[in-house]
Amino acid sequence: MDRRQLFTAAALGVIGATAIGSLDPAEAFAKPKWDVDPGAPDPNFVEGVVNTIADGQLFVKGSDGVFNRVQVTGATSIWKLTPTTFDKVEVGDGLYARGVRMPDGLLAAESLWVNIVNLDVHISSISKDRMALDHAGSPVMGYVVPGITATVYNGTPAISDMSLLQVGKHVQVIGAWRPGTNEIDIATVYAAV
Amino acid sequence: MRWLADLQPLVIAAWLGWSGGFKVLGRTAPLAAASSALRTLLGQRWALPAFRAVGFAELAAAIAVLVPPAWPVPAIGLSTAFLVYLGYARVAAPESSCGCTSARPSPIGWRHFTNAGFLLAISVFTLLGNGSWPGAWSVQAVPVILAEAAVIISLNGQFDRYWLMPLRRLKVRLTHPLAAATTDVIPLHATVQTLERSPAFMTVGQALRSDVIESWDEGEWRLVRYTARFQDRPASAVFAVPRGKDEPDRVKVAVVDDADSSVLFAA
Chain A
1 MDRRQLFTAA
11 ALGVIGATAI
21 GSLDPAEAFA
31 KPKWDVDPGA
41 PDPNFVEGVV
51 NTIADGQLFV
61 KGSDGVFNRV
71 QVTGATSIWK
81 LTPTTFDKVE
91 VGDGLYARGV
101 RMPDGLLAAE
111 SLWVNIVNLD
121 VHISSISKDR
131 MALDHAGSPV
141 MGYVVPGITA
151 TVYNGTPAIS
161 DMSLLQVGKH
171 VQVIGAWRPG
181 TNEIDIATVY
191 AAV
Chain B
1001 MRWLADLQPL
1011 VIAAWLGWSG
1021 GFKVLGRTAP
1031 LAAASSALRT
1041 LLGQRWALPA
1051 FRAVGFAELA
1061 AAIAVLVPPA
1071 WPVPAIGLST
1081 AFLVYLGYAR
1091 VAAPESSCGC
1101 TSARPSPIGW
1111 RHFTNAGFLL
1121 AISVFTLLGN
1131 GSWPGAWSVQ
1141 AVPVILAEAA
1151 VIISLNGQFD
1161 RYWLMPLRRL
1171 KVRLTHPLAA
1181 ATTDVIPLHA
1191 TVQTLERSPA
1201 FMTVGQALRS
1211 DVIESWDEGE
1221 WRLVRYTARF
1231 QDRPASAVFA
1241 VPRGKDEPDR
1251 VKVAVVDDAD
1261 SSVLFAA
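Chains as they are written, first to last, in this note's numbering: chain A, 1 to 193; chain B, 1001 to 1267.
Any given hint might turn out to be false.
[As the list claims (entries may be wrong)] Listed next, the in silico DSS-like pairs over lysine-lysine satisfying Cα-Cα at most 25 Å (straight line):
| id | chain 1 | residue 1 | chain 2 | residue 2 |
| --- | --- | --- | --- | --- |
| 1 | B | 1171 | A | 128 |
| 2 | B | 1171 | A | 169 |
| 3 | A | 128 | A | 61 |
| 4 | A | 61 | A | 88 |
[Claimed, not checked] Pair by pair, the computed Cβ-Cβ distance ranges are:
| id | chain 1 | residue 1 | chain 2 | residue 2 | range |
| --- | --- | --- | --- | --- | --- |
| 5 | A | 180 | B | 1087 | 19 to 29 Å |
| 6 | A | 45 | B | 1111 | 36 to 46 Å |
| 7 | A | 66 | B | 1182 | 36 to 46 Å |
| 8 | B | 1261 | A | 102 | 20 to 30 Å |
| 9 | A | 128 | B | 1150 | 37 to 47 Å |
| 10 | A | 169 | B | 1151 | 44 to 54 Å |
| 11 | A | 163 | B | 1095 | 49 to 59 Å |
| 12 | A | 73 | B | 1111 | 25 to 35 Å |
| 13 | B | 1068 | A | 128 | 48 to 58 Å |
The hints are simulated quantities; they were obtained by calculation from the structure and are not laboratory data.
Virtual Cβ for every residue (Gly too), placed ideally from N, Cα, C.
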């Protein structure tokens, strides 16, 4: 049985929980860990641009100039427009990483968001497979990726239909920046209609 | 030709009066001054006084060109200075806004240069006239004035929403450019929205350590996997979410030990 089949069977209740799982979850989860001092920078967070990649480690230069090492494992979630794998991370990508700081300064990443941007924009025009966006006067080109790009209208569940979007209207866009350009691939559009 | 030249003071005066009036009286003029390149050029202290002074100069130039005999030299000087200012701002403060006739953010681009160049051209053209616009007034003057007004309005971004946006909206309505985006694939985001409101997610939420690692479909279900830490063991939290239906109460979860694949928790 491969991993996915196992996970599927477990989630759908085909495989029952072992004795250990019958423990009260309140007890199992009752150990919140706070290792962030009030007002201090969060040690378990890293942002910056990927400088080099070697042996599952990313060398990241932060916007404050500080270098950080980020360790990625099979248990790390990696987002780059959509959940993806480590081999899609490239030098020059920007990222946010969250994880656990090791004593030697390495961040053992649990989640990685690559090139993610969150923009408040106006739609200046819509053409085939793309939208020209205006971000406080600066143009941003947003590409629609069929099968991935989703739109949330008025907070209702996301759908792939983008036909209700209107030129001139304000939207919020979550997307993946294409490094070195003013272009993004659009993951989610939030719109009020 | 002469009558055409004699009409230009009307257009110049309207343009300068509007621009100067905004700078002197506009409620949002301080905002426009602060976002303009004047702030880089003169500093914050002098940006607004200089902005207002330019406004008064524009009003004075408008009067000078409008009252016969027309004297277009101040307008020529102003539009030339404006072109120089735009060029300077483009180089020295590319992030700054024009702030010409509104506080709307409008980074300096070809429209501003064309607009200033047009003003300079018609100001110079005025020199060829007799210097009195009432004498040149006739029915033929109306389309000329309207055409010039149309050029100025089309070059000014603050009017885009009255003509350009409706035109683009019409184009979208006729051509449906994003039709290809509509697919049968249920977006993962829709699944995650349902998942995050589910009792199952709230039960194990504290144990989750990562964002979505992967997802796959199985019949009517979509499976979504997260990394979790359960009783200090590395584990995977796998959720089964009804696909394409917003039914959070039906979401199921299993926490599977990464080491021996035993199911640690199920709900």
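To see whether the hints hold, each was checked on the structure:
For the suggested pair residue 1171 of chain B and residue 128 of chain A, the alpha carbons sit about 11 Å apart, so the restraint of at most 25 Å is met. As the CA atoms of residue 1171 of chain B and residue 169 of chain A are separated by approximately 15 Å, the hinted pair is consistent with the 25 Å bound. Pair hint residue 128 of chain A plus residue 61 of chain A does not hold up; C-alpha atoms about 36 Å apart against a cutoff of 25 Å. The straight-line distance between the Cα atoms of residue 61 of chain A and residue 88 of chain A is roughly 19 Å, inside the 25 Å bound, and the hint therefore holds.
The hinted range of 19 to 29 Å is satisfied by residue 180 of chain A and residue 1087 of chain B, whose Cβ atoms lie roughly 27 Å apart. Between residue 45 of chain A and residue 1111 of chain B the Cβ separation comes to about 42 Å, which falls inside the hinted range of 36 to 46 Å. With their beta carbons about 44 Å apart, residue 66 of chain A and residue 1182 of chain B fall inside the hinted range of 36 to 46 Å. Between residue 1261 of chain B and residue 102 of chain A, the C-beta spacing of about 27 Å keeps the proposed range 20 to 30 Å intact.
Checked against the given bound of 37 to 47 Å, the beta carbons of residue 128 of chain A and residue 1150 of chain B, roughly 29 Å apart, lie outside it. Checked against the hint of 44 to 54 Å, the C-beta distance between residue 169 of chain A and residue 1151 of chain B comes to roughly 28 Å, which is inconsistent with it. Separated by about 35 Å at the C-beta atoms, residue 163 of chain A and residue 1095 of chain B break the suggested range of 49 to 59 Å. For residue 73 of chain A and residue 1111 of chain B, the hinted distance range of 25 to 35 Å is not satisfied, since their beta carbons lie about 52 Å from each other.
For the pair residue 1068 of chain B and residue 128 of chain A, the beta carbons lie near 54 Å from each other, so the given range of 48 to 58 Å is met.
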